[in-house]
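If you're matching them up, the sequences are chains A and B in order.
When we follow our numbering, the leftmost residue of the first sequence carries the number 1, and every step to the right adds one.
When we follow our numbering, the leftmost residue of the second sequence carries the number 1, and every step to the right adds one.
Just so you know, the hints here were simulated from the structure itself, not pulled from any lab data.
Treat the hints with caution; some may be incorrect.
To be verified - List time: in silico EDC-like cross-link candidates among lysine to aspartate or glutamate, alpha-carbon distance up to 16 Å:
| no. | chain 1 | residue 1 | chain 2 | residue 2 |
| --- | --- | --- | --- | --- |
| 1 | A | 307 | B | 88 |
| 2 | A | 381 | B | 88 |
| 3 | A | 394 | B | 69 |
Here are the chains, one letter per residue:
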Amino acid sequence: MSKAWILFRANARNVFKLNLYSKSAPRKERVKNILLLGLILYAIAVFGFTAGINYQMMAEPLMMMDAMILIPTLAFVSCVLATLAMTLFRANGFLFSPKDFEMLSSMPVKSSDILISKMMMLLLTNYLFVVVMFVPGLFVYAIHMPTSAFFWVSGAIALVFIPLIPLVIGSLLSYLMTRFSLRFRRNNAALIVFLFLTMLVVMGFSFAYNEVLGFFVERSADLMESLPFIYYPAHLYASAVINNDVWALFAFVGVSLVVFAGFVVVLQKGFQTINAKLRESTQTSNFVMTSLETSSAFTSLFKKDLKRYFSSPIYVMNTSFGVFMMVVLAIASLIYGKQALDMLTGEGAVLLPLFELLIAMQVGFVALSCTTSPSISLEGKYFWIVRSMPVDPKTIYKSKITLNLIVVIPAVVISAVFLSIAFSLSGWEVFGLIVLPVLYACAIAVGGLLINILKPSFQWESETVAVKQTMSVLFAMLFGMALLLIPILIRTTFEELPLETLLLGTGLFVSLLTFVMYRWIMTRGVDAYYKFRI
Amino acid sequence: MLSIRHLSKTYKKGKKAVDDLSLEIEVGDICGFIGHNGAGKTTTIKCVVGILDFEEGTILIDGKSIAEDPIGCKKLIAYIPDNPDLYEALTGIQYLNFVSDIYEVAKAKREELIARYADALELTKNLGDVISSYSHGMKQKLAIISALVHEPKLLILDEPFVGLDPKSSYTLKEIMKAMVKDGKAIFFSTHILEVAEKFCNKIAIIKNGSLVASGKTEEVKGDGSLEELFMELSHHE
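With the rest of the complex left out, here is chain B (with noise of 0.2 Å):
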């Protein structure tokens, strides 16, 4: 679903962000993606959901380059920022309607969409609101629902459960196990290393912007814990 091939990513003053990143996500995969504060996880997220540009390598999402077809790549992925900051002055339904009418959802779909997912992460009383009057959790809620919506292939998330109240993100847990168990992926960064060790079938850990670790969860850990293999990654020069 998702392919990285050798991604590399300098920014202007020279530092190279990424470097030379290659990871696979199959159909049905929870990755999780960890590394330190800097590393490059947001870097190769932004270039992966197409905001950022890239000098070298390539990424297919579903065979496609985010590169030569980028329209194409992103009806299949949606993409959720660690601190969305939204359209403030639109009302929750407003903001919900110009995202299903932008991914050209069907009325009626989109309907049972915002109404399920809405209701599921207890924002529906407060779609009539402005995003202004908005917690910094609601946003997160809001940004969530909107990137169900369009019920994407492939769901990106960066930092998803900071900022989330416990139920919601249980609630949020539940519909991205119910997602894989649909034929989707997903891929998302996190400092919680509980989450990703209990959570993701696959872990990456990148280490000043080069993957040091990926594959299987259970084979990337090893006996040990995943906080230990990151400790150890991280004071290993």
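Just chain A, with the same shape it has in the complex (with noise of 0.2 Å):
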């Protein structure tokens, strides 16, 4: 068996926990990551049924145009994109920095069967989203035309060499990023600030999806004619498919294996060197001891969940992007006007008057941004810290929350400032910006908390297992959804009820919420906090 193999098995059973879900596992255990896979192949079939959807709207359009190539040409870019997206957010943490290089570099393999592994590990994560992104449009394709066997073949191979190049990319701008970084003294407060710049790209592409999709539709003619130079294996595959090319086809598999291959053959050469550099730190060792400041435990505590939260790129952009949005609304709102908000909402602009509809996005955008739903799990290994500490797990708490206040009140209020200034809004309006969304931020810290407090997740692997992919997390993001959803039953059951009642309702039921959940924090969630097993 080839060492490769061996660490890629033993990465896999790692990183997706699969022994959790073997008969040997605690039932619990095993019974609770069962559901929560269920869960995500779930939201992964909702995904792949939406692409879906909106291949099957472009269709009738392409028919009458002659251009049906362009859907499972538009599939296949689609999953070249999101690897890419992936592989950016991923590979920083898995090829370069793993946490099991030092042990791995002190075994005897080599370089090459630890890169083949790390990238087989990617590749794996990447084609669950290659299949539900690439799938619906073969299928939509076939049918509305008729297809041969070749056709099927052709998708099959693609399906497997499509994520190739864009992991490639990918790895190397993720390399590229990380590098430059580093030069910057606060080396993450730069890659934040790459992570968001690059995630704005991906959101404005993704709301203005209906007018990208538009515009392929309109101008299909031409980004056929211009795909080999967008993009060259999209254009060798849709070539095999329009022509039964199997030439193109070889060329397409052929060209992706070169670039795969010539990057791994490369970077193995410079693996091991990149990643001692990448982990290399250094100490000024000049140090002179002046007067120091004293804080109380809490002010304390909180100094250190906010230098904790800021030294963990994964965890800001995670739950800050919500905040990041809607000030970027805001001040697209400022240049723009109502124009800006369009292109986010869509319908939604038609639909609500205008000052519901900034509500409810402020309000969105709040649900987004939940810091504490992970805060008592990122403790991990830290926990013995405090949990040794004659510190009141309520001051612990309070920290936490006030953490998630600190990051959403500061820009609900800058939004709320620059929305009434795009939009001419009475004091009213703007009292209304900023109360709702922050007892929605209240609600949400502490409900966050809550989850967390019921379901910590001490034993993790890399913190964006932590921010990303446990239980809490998932049931906080649950919670927020189902807080949205208040003001639109009441909406929906009574229809006549004035805006200023509607409000009011929401207003008071979520100030109501908060005071139970957080009453229950600082009774049972203190009893919690000495149960908790690190």
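Once you've looked at the hints, go ahead and assemble the two chains, each given alone in its own frame, into the complex.
Structure follows, in structure tokens:
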């Protein structure tokens, strides 16, 4: 058995926690993990279904223009973009600066084996997305067009080879981003800025998705003509499908393999050096004792939590993107007016009156910004510090809630001010734009913490797992969505209800819920603190 | 200072990690806690410092129960784990200031103690660097300083000498001696039997979760060496 395969197998078992699904795992753990897996698969299936609906919507106009080939081509390009985005965020920590680097480096395995096993892991996770984005495109095409066996064979082959090139490009970009950010003293801050900017581009693309689809349909002929210059492998695949061209398919496979293999060959030479360099840390060793600042236990814990927060780009990215978008949209509204809202909401801008739309958006962004749901889990191996200290668990909890509010509330106020200027809102409207989102922020912060107290997860392999892939984070997300549904349900049940009453009712309900949850945290949550198993 | 009475701790799968363990440590004692890997040393220590809860028994620190008044007890103790994972994003001085804030150490006092212990352990120059850049030994030294900065009455250490250079080991032993002279008590686990034999006035040996020998070092080891006694107890089922 090759070493790369042995490493891959151990890695997969570790990353996907496969042992927790086996019969030897405790029943409760097994059921929990199977349920979580089911939820993830369901979400992926919904994602695939949505992709299929989108392709289907494009099919009719494309049929009329005799440009149905655009469907599998677009599915192909979507997979390329998804792989690129996924790799950009995952390569650092997977290929570069992996946690097990030192352990693996001390073993008698070649760098190429380590690299190949890591690349295989990245590929495996990307295949999930490739399947749900590419296969629906093939089916939609097959529904409307006659297909041969070659179409399905080429589809299956494409499925395997699509992620290879974007994986290479994404890895290179990720490496460059990491190297570049290391030049800054505050390299985490630089990395956070890079990630936000990248996400902004991706989100901009998805917000304008309908326009982009329309553009694709209108300019299908031009696009197909310029495809070789945009992304040559997609052109090769499209040629293979249109002309049943085996050689084009071979060329696509060949190009993908050459690029991938070339990357592995080149990177494996410097893999050890690159990762050793990335792990280097420098000490200035020039500290001179001066006067120290004193703070209360709460302030000190809060400062610690704040530093912890900004030291983790993935934590910031996952929990601040809502507030980031909130401010970006408010600034865009200042410049472009209502056009900015139309781009984000599409139909919503037409269906809802402006003020309601603005409130819904503010509250929606707030619901995406829960820093507390992984906050207890993230203590992880460091939890011994506060656990062994004479600090009241209530103070620890308050610090975590405060962090969430500090991240969200300034953004709410800033965007409310910008929106009030952009749309000449009245004083009462600005007040509403601030108060309700702030109440939601409190509920999200307190609710997220409560969920994490109930479902802490201290044994994580990487921060990404703690921040994105725990039951607590998933439940907190569902909780945020459920909170958003409250005003919608009241609105649909009582259509004649005046807006002021609706907002007041929602505000009161959210406040009451927050109060109840807060009381729970400060009483039973404290008991739970002493029972955490770390 | 530390009174452990009939302590039992069972883990999730029913494994009894500590079984009916009783131990007394007085003011002025340096008690070495010895046992093979997995014997229950770290579990006992974690119960004492309030990191783990336990089902049976009581743990009293200066007369206060860790189960009933965890915060009151924790104010009196300091704990240093065997492999201290510290907040890596903080600088050394930020971490020490954080600990001082939590233990409410007065400004002048913390400045004096940090300067004293950082100088003694030769870490002063590195206090401005982030902890992630520290070596294992430097992290260990920082954890030691953070434990001493609030002048605990009871110092609890898990394998404190692992990772320390000889000079720092010597310094730590001198600090520990000064502490007990000053009316404090120390309880630490170790695998280095020579250290335990020469340095501790009390010894406790744990095997499979139960205490198999404890008391004054001279009485416990008798005429032989501590190593001989430990080997004998290890082989005896």
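Evaluation of the provided hints:
1. A/307 <-> B/88: 10 Å, holds
2. A/381 <-> B/88: 11 Å, holds
3. A/394 <-> B/69: 15 Å, holds
Of the numbered hints stated above, none is contradicted by the structure.
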